[in-house]
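Trainee: Residue numbers (my numbering), protein chains in the order written: chain X, 1 to 39; chain E, 1001 to 1192.
Quick caveat, the hints were computed from the structure, so don't treat them as lab data. You can trust all of the hints, since none of them are fake.
With a straight-line Cα cutoff of 20 Å, these simulated SDA-like cross-link-like pairs (lysine to any residue) come out:
#1 E:Lys1147 - X:Ile16
#2 E:Lys1147 - X:Leu12
#3 E:Lys1147 - X:Phe7
#4 E:Lys1147 - X:Ala17
#5 E:Lys1147 - X:Leu10
Taking beta-carbon pairs under 8 Å as the criterion, some of the chain X residues facing chain E (in silico):
#6 Ile11
#7 Leu14
#8 Thr35
#9 His36
Please read these numbers as outputs of a predicted model, since none were measured by experiment. All C-beta atoms, glycine included, are put in the ideal place defined by N, C-alpha and C.
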Amino acid sequence: MARRDSFRTLILVLLIAGAVIFVLLLAGVGSGLLTHPKI
Amino acid sequence: MEATVGRARESSRRSGNGRLIGILLIGAAVAVSLGVYGRVHDPTGRSLVTLVFTRSINLKVWFATIAFALALFQLGSSLRIYGKIGHGRAPRWLRPAHRLSGTLAFLFVIPVAYHCLWALGFQPHQGVRVLAHGVAGCFFFGALTSKVLIVRSRRMPSWTLPVVGGALFAAFTVIWLSSALWFFTTVEFPGL
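Based on the provided sequences and hints, a complete structural model is requested.
Mentor: Spelled out as structure tokens, the structure:
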């Protein structure tokens, strides 16, 4: 039971972290880490 | 006693419907927000870090393809969990595998969608393929938001999860067909 709960928490943390990172990237925060100057 | 139980069920059903409408509105807000962002934001024209790939576009099509493979697993595993394919009960590992594959697909999609929105923007006048790709992309993130919220909500109508999950898979299929498959068939394959 505890193992299942921790797995669900891990999934939730990953989803929230991904969403937060996505929004921050779109806002231009830390975009330099992922992008090069020109296509 | 029966009347009390009936009233409680009716109240629960209404509460679930109200929550579902709220969740769908949140998903719609996410989809519209991304579309507006892509339209009003000036595309930066920057490329992604390419990792082991030669160019950003190659990284994007392969990340999208990995995510699409995971989405196919999502489809198959959900059909098995709902008992639409196979015999007997689904194996116990399938539910966590379903959740993990969905989360991984989301993580693979983030840099791809980020580059599309940040560097290219929403382009409605570049032909049907690009328009369909942009619309499906915005819809996808709205549907994804709704699906995650529905999974974690109680007392939802039983049809909601399969319908929203199906819409999510359909949108991602359009996205993959209009980007990665188009790239593989008209530009280069494997294009690493």
